[in-house]
Amino acid sequence: MTVESSALYDVPGPKALARHRLYGFLALVVIAAVLGWVVWMLFHTNQFTYQKWTAFQYKGVQRLLLDGLGNTLKAFGWTVLFALPFGALFAAGRLSDHRPVRWVSTVVVEFFRAMPLLVMIFFIFVALKVEPLWALVAGLTLYNGSVLAEVFRAGVLAVPKGQKEAAFALGLRKTQVMTYVLVPQAVRAMLPTIVSQLVVALKDTSLGFLITFEEFLHAGKLIATNLDYDLPFIPVVMVISPIYIGMCLLLSWLAKWLEARGRRSPKEGATPIAEAGPVLDAQG
Amino acid sequence: MNVLTDNWSTYWHGFLGTLWLTLVSAALALVLGVVIAGFRVSPVKPLRAFGTGWVTVLRNTPLTLLFFIVVLGLPRFSITLPFFTFAVLALGCYTSAFVCEALRSGVNTVPAGQGEAARSLGMTFGQTLSLVVMPQAYRAVIAPLGSVMIALAKNTAIAGSFSVVELLGTYRTINELGYSIIWTFVWIAVGYLILTLAISALFNVLERRVAVSR
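Protein chains in written order, with UniProt numbering: chain A, 1 to 284; chain B, 1 to 214.
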């Protein structure tokens with residue numbers, strides 16, 4: 001059966017199958033009607049005229065879009081570069097034996113997770129008068145770094161207790177226990193979650209649009225509001241959205257692939273590493 | 001402190017705007033999320049495909065892009081609505097994908113044997129759903145749903161840049177009056193903290209009420 005076994009439905013008999021086919025047919029009709037309406041609307045409002053699409057033939061416009069995409073990826077790259085160490089640092093802080101360190105880390109991590117990302121970006125941009133790129137990267141780093149700190153911490157805590165005890169019994173010091181025993185296993189188990197969080201970071205680079213950072217969406221807006229090309233808004237959306245969604249999808253698939261690979265136990269017969277449950281909202 | 005007292009009505013309006021936006025979008029997201037989750041677990045293939053497509057696309061779309069499309073794109077189809085409605089549409093659709101996933105994983109935590117047992121007792125589909133599956137799924141759903149709602153409240157900040165009156169947008173008005181920009185943001189931050197903490201408290205209460213060790 002194509003339907004995964006679920007508590008909701010019985011395995012359908014011939015009558016139910018016929019009924020499902022009927023529903024399926026009706027659903028297809030409705031979906032086709034909606035799609036047809038959208039396509040009709042696109043034609044009706046003259047979105048496929050030569051004038052509206054001609055802009056994309058110009059080198060300058062292509063350059064603009066590519067530069068925008070480059071800036072988006074640049075902001076993303078810097079964010080990854082800063083957020084991972086930030087997360088590691090504060091995860092270590094939250095797991096520290098020293099109470100003040102633990103306290104400070106907890107406050108920092110909880111605060112930046114509770115604040116809307118855009119508020120931080122605007123604060124850094126408007127109040128601290130930082131350049132758009134660095135305001136964006138700083139905001140993204142603080143937010144995603146804090147979320148990653150929680151991911152790392154959950155990962156370390158999810159390593160079976162025996163591992164830590166065994167390492168201490170061998171006479172390793174606490175730093176060694178952490179770096180040689182706990183962290184490698186934690187990173188392995190948390191890799192899909194980490195990549196998922198990077199998808200959030202990539203999506204959120206588009207917030208740079210709101211602080212006039214010249215990223216992908218900004219380039220799109222420039223073209224879309226150009227009267228010479230007859231305000232090609234819909235064409236721009238049709239070019240930009242697939243690229244944005246495609247980039248995020250690729251990263252999401254990487255996360256899914258890593259997860260599937262991790263579920264396959266590392267060595268034949270070895271016990272799979274405990275999976276830490278989702279502790280966080282995976283949303284931007 | 002006088003930044004807050006002097007601009008109380010600006011802040012208050014902004015806060016109410018954010019609150020209202022969160023509530024209305026949450027309602028839309030919940031309704032849509034339930035419908036899409038229903039599609040995704042249904043035995044009808046086209047509906048399942050539609051649900052999967054909806055969730056996959058929306059979860060991988062930057063919310064700013066979605067706002068961009070809804071606020072600036074729909075008017076090209078000569079659909080003109082108030083900015084508030086546009087914002088609710090964008091936020092509601094975006095969040096519905098996450099609501100759907102929370103609900104679906106909740107339903108999937110209920111073992112198939114529960115449904116089989118209910119059906120073998122002669123329960124109808126409605127009874128199976130409302131008396132057996134939902135009460136169990138509910139418990140697994142509350143916590144993730146809380147996170148989704150907190151994220152929604154934080155995401156409403158984006159609407160301010162698309163001509164909706166809300167809390168973050170108040171900084172422009174207050175900044176023009178020449179108040180300390182740092183303190184302006186401190187009070188905005190406090191406003192958001194009040195909202196997110198209230199939501200998390202609400203969901204904690206809900207969670208505690210249904211917490212049963214299984």
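Since the hints were made in silico from the structure, they are not lab data.
Just so you know, even glycine gets a beta-carbon here, dropped at the ideal spot from N, CA and C.
Any given hint might turn out to be false.
Only pairs whose alpha carbons sit at most 27 Å apart, straight line, appear in this in silico BS3-like list of lysine-lysine [said to hold, decoys possible]:
{"#": "1", "chain 1": "B", "residue 1": "Lys-45", "chain 2": "A", "residue 2": "Lys-256"}
{"#": "2", "chain 1": "A", "residue 1": "Lys-15", "chain 2": "B", "residue 2": "Lys-45"}
{"#": "3", "chain 1": "A", "residue 1": "Lys-74", "chain 2": "A", "residue 2": "Lys-164"}
{"#": "4", "chain 1": "A", "residue 1": "Lys-221", "chain 2": "A", "residue 2": "Lys-59"}
Under 10 Å between C-beta atoms, here's a sample of chain A residues computed to sit facing chain B [what the hints assert, rightly or not]:
{"#": "5", "residue": "His-44"}
{"#": "6", "residue": "Phe-48"}
{"#": "7", "residue": "Gly-93"}
{"#": "8", "residue": "Phe-123"}
{"#": "9", "residue": "Leu-128"}
{"#": "10", "residue": "Met-178"}
{"#": "11", "residue": "Tyr-180"}
{"#": "12", "residue": "Pro-184"}
{"#": "13", "residue": "Phe-216"}
{"#": "14", "residue": "Ile-245"}
Distance ranges between label pairs, derived from CB positions [what the hints assert, rightly or not]:
{"#": "15", "chain 1": "A", "residue 1": "Lys-161", "chain 2": "B", "residue 2": "Leu-131", "range": "35 to 45 Å"}
{"#": "16", "chain 1": "B", "residue 1": "Thr-52", "chain 2": "A", "residue 2": "Val-38", "range": "45 to 55 Å"}
{"#": "17", "chain 1": "A", "residue 1": "Trp-134", "chain 2": "B", "residue 2": "Asp-6", "range": "28 to 38 Å"}
Hints versus structure:
1. B:Lys-45 / A:Lys-256: 23 Å, holds
2. A:Lys-15 / B:Lys-45: 16 Å, holds
3. A:Lys-74 / A:Lys-164: Judged against 27 Å, a Cα distance of about 39 Å means the pair is violated.
4. A:Lys-221 / A:Lys-59: 17 Å, holds
5. His-44: Interface hint status for His-44 of chain A: holds (9 Å vs cutoff 10 Å).
6. Phe-48: At about 13 Å, which exceeds the 10 Å cut-off, the nearest Cβ of chain B leaves the hint on Phe-48 of chain A violated.
7. Gly-93: It is violated, given that the least Cβ distance between Gly-93 of chain A and chain B is near 22 Å, above 10 Å.
8. Phe-123: 5 Å, holds
9. Leu-128: 9 Å, holds
10. Met-178: 28 Å, violated
11. Tyr-180: 33 Å, violated
12. Pro-184: 28 Å, violated
13. Phe-216: 9 Å, holds
14. Ile-245: 5 Å, holds
15. A:Lys-161 / B:Leu-131: 35 to 45 Å: The hinted range 35 to 45 Å holds for Lys-161 of chain A and Leu-131 of chain B, with Cβ atoms some 40 Å apart.
16. B:Thr-52 / A:Val-38: 45 to 55 Å: Taking Cβ atoms as reference, Thr-52 of chain B and Val-38 of chain A lie about 19 Å apart, which means the hint is violated.
17. A:Trp-134 / B:Asp-6: 28 to 38 Å: 32 Å, holds
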